[in-house]
Amino acid sequence: KRHVQLTEAGHVFLQEARQTITQAEQAIVAARKAGRGELGRLAIGFVGSATSDILPTLIRGFHERYPEVELLLRELTTAQQVRALQDGRIHTGILRPPIHDDTLHVETLFKEPLIVALPERHPLSSQVQLPIEALAREHFILFPRQQGSGLYDQIISLCQSAGFSPQVMQEAIQMQTILGLVAAGLGISLVPASTQHLRSTGLVYRELQTSTVHVEMAVAWRKEATSPVLHTFLRTVREIIHQP
1 KRHVQLTEAG HVFLQEARQT ITQAEQAIVA ARKAGRGELG RLAIGFVGSA
51 TSDILPTLIR GFHERYPEVE LLLRELTTAQ QVRALQDGRI HTGILRPPIH
101 DDTLHVETLF KEPLIVALPE RHPLSSQVQL PIEALAREHF ILFPRQQGSG
151 LYDQIISLCQ SAGFSPQVMQ EAIQMQTILG LVAAGLGISL VPASTQHLRS
201 TGLVYRELQT STVHVEMAVA WRKEATSPVL HTFLRTVREI IHQP
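Everything in the sequence shown is counted per our numbering, starting at 1 for the first residue and increasing by one.
There's no promise every hint is true.
What the hints assert, rightly or not - Listed next, with one range per pair, are the computed distances between beta-carbon atoms: (1) H63 - P144: 30 to 38 Å; (2) Q86 - Q160: 50 to 58 Å; (3) Q160 - A184: 25 to 33 Å; (4) E207 - R83: 31 to 39 Å; (5) P67 - V213: 38 to 46 Å; (6) H63 - E133: 30 to 38 Å; (7) L198 - H242: 18 to 26 Å; (8) Q243 - I21: 40 to 48 Å; (9) A184 - V213: 23 to 31 Å; (10) Q160 - E239: 35 to 43 Å.
These aren't lab readings, by the way, just hints derived from the structure by calculation. Even glycine gets a Cβ: it sits at the ideal position worked out from N, Cα and C.
Build the full structure now, drawing on both the sequences and the hints.
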């Protein structure tokens with residue numbers, strides 16, 4: 001029987017060949033995962049008020065299902081998200097409608113009422129519910145209209161329907177900043193109900209009486225987007241939102 005033994009060069013070649021085969025197999029698996037949207041990167045924009053509830057729920061649910069997808073999160077106003085979507089700097093955004101852009105898909109996630117944020121020692125804080133008319137003489141702290149007209153316009157419209165125009169004394173881009181200014185006693189604000197889940201000392205929240213105004217939270221993406229990871233994310237968002 002003839003004995004065959006690999007030379008040193010043969011051993012090196014065999015080792016390299018095995019590594020090449022393993023790498024090729026791994027590349028095939030990775031390509032298939034990427035094609036199914038289970039591997040890759042996803043840039044997500046979000047408004048500050050989304051951090052109180054919906055964003056952590058969505059991110060946790062998606063990461064549990066697809067841990068190999070790298071998530072890049074950016075806090076942006078609604079207007080900033082629209083521009084970032086147009087420029088391709090983010091793949092999707094969690095924002096506040098209305099959005100006036102025919103190049104984007106916008107899908108409502110949920111609707112919620114507005115509530116009043118007050119300094120904790122404010123005279124009105126003793127009431128469980130407040131009529132909107134009770135805010136006529138208050139100083140308002142609001143989100144700038146140019147950064148997202150939806151919420152601003154709804155607040156102005158609500159006040160005007162009660163017979164007054166709000167005295168807007170301060171504007172702030174971030175929801176946490178608005179709440180901080182309220183807690184400092186610089187004014188009051190009307191905020192989405194989910195905002196009360198954000199931790200903030202020195203303020204209280206009160207419901208509005210007989211208010212039918214609801215604000216939306218939505219997910220937006222470019223109509224022409226083809227990213228498998230994006231569509232996997234959107235499918236997961238719908239699953240989570242519609243869970244009983």
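Do Q160 and A184 keep their Cβ atoms within the hinted range of 25 to 33 Å? Hint holds: Cβ distance 27 Å, inside 25 to 33 Å.
How does the Cβ-Cβ distance of E207 and R83 compare with 31 to 39 Å: does it lie in that range? Given about 35 Å between the Cβ atoms, the range holds.
For L198 and H242, compare the CB-CB distance with the range 18 to 26 Å and indicate the outcome. holds (25 Å)
Can you let me know if the beta-carbon spacing of H63 and P144 is within 30 to 38 Å? Since H63 and P144 have Cβ atoms about 32 Å apart, the given range 30 to 38 Å holds.
Is 38 to 46 Å respected by the C-beta to C-beta distance linking P67 and V213? Given range 38 to 46 Å: holds, Cβ gap about 40 Å.
Given the range 23 to 31 Å, decide if the beta-carbon distance of A184 to V213 lies inside it. holds (26 Å)
Verdict for Q243, I21 (Cβ pair) under range 40 to 48 Å: Given a distance of about 43 Å, which is inside 40 to 48 Å, the answer is holds.
Distance restraint evaluation - Q160, E239, Cβ atoms, bounds 35 to 43 Å: With Cβ atoms ~40 Å apart, the hint holds.
Taking 30 to 38 Å as the stated bounds, is the beta-carbon spacing between H63 and E133 within them? The hinted range 30 to 38 Å is violated for H63 and E133, with Cβ atoms some 46 Å apart.
Return holds or violated for the Cβ distance of Q86 and Q160 against the range 50 to 58 Å. violated (32 Å)
Hint compliance for this structure: hints 2, 6 are broken, all remaining hints hold.
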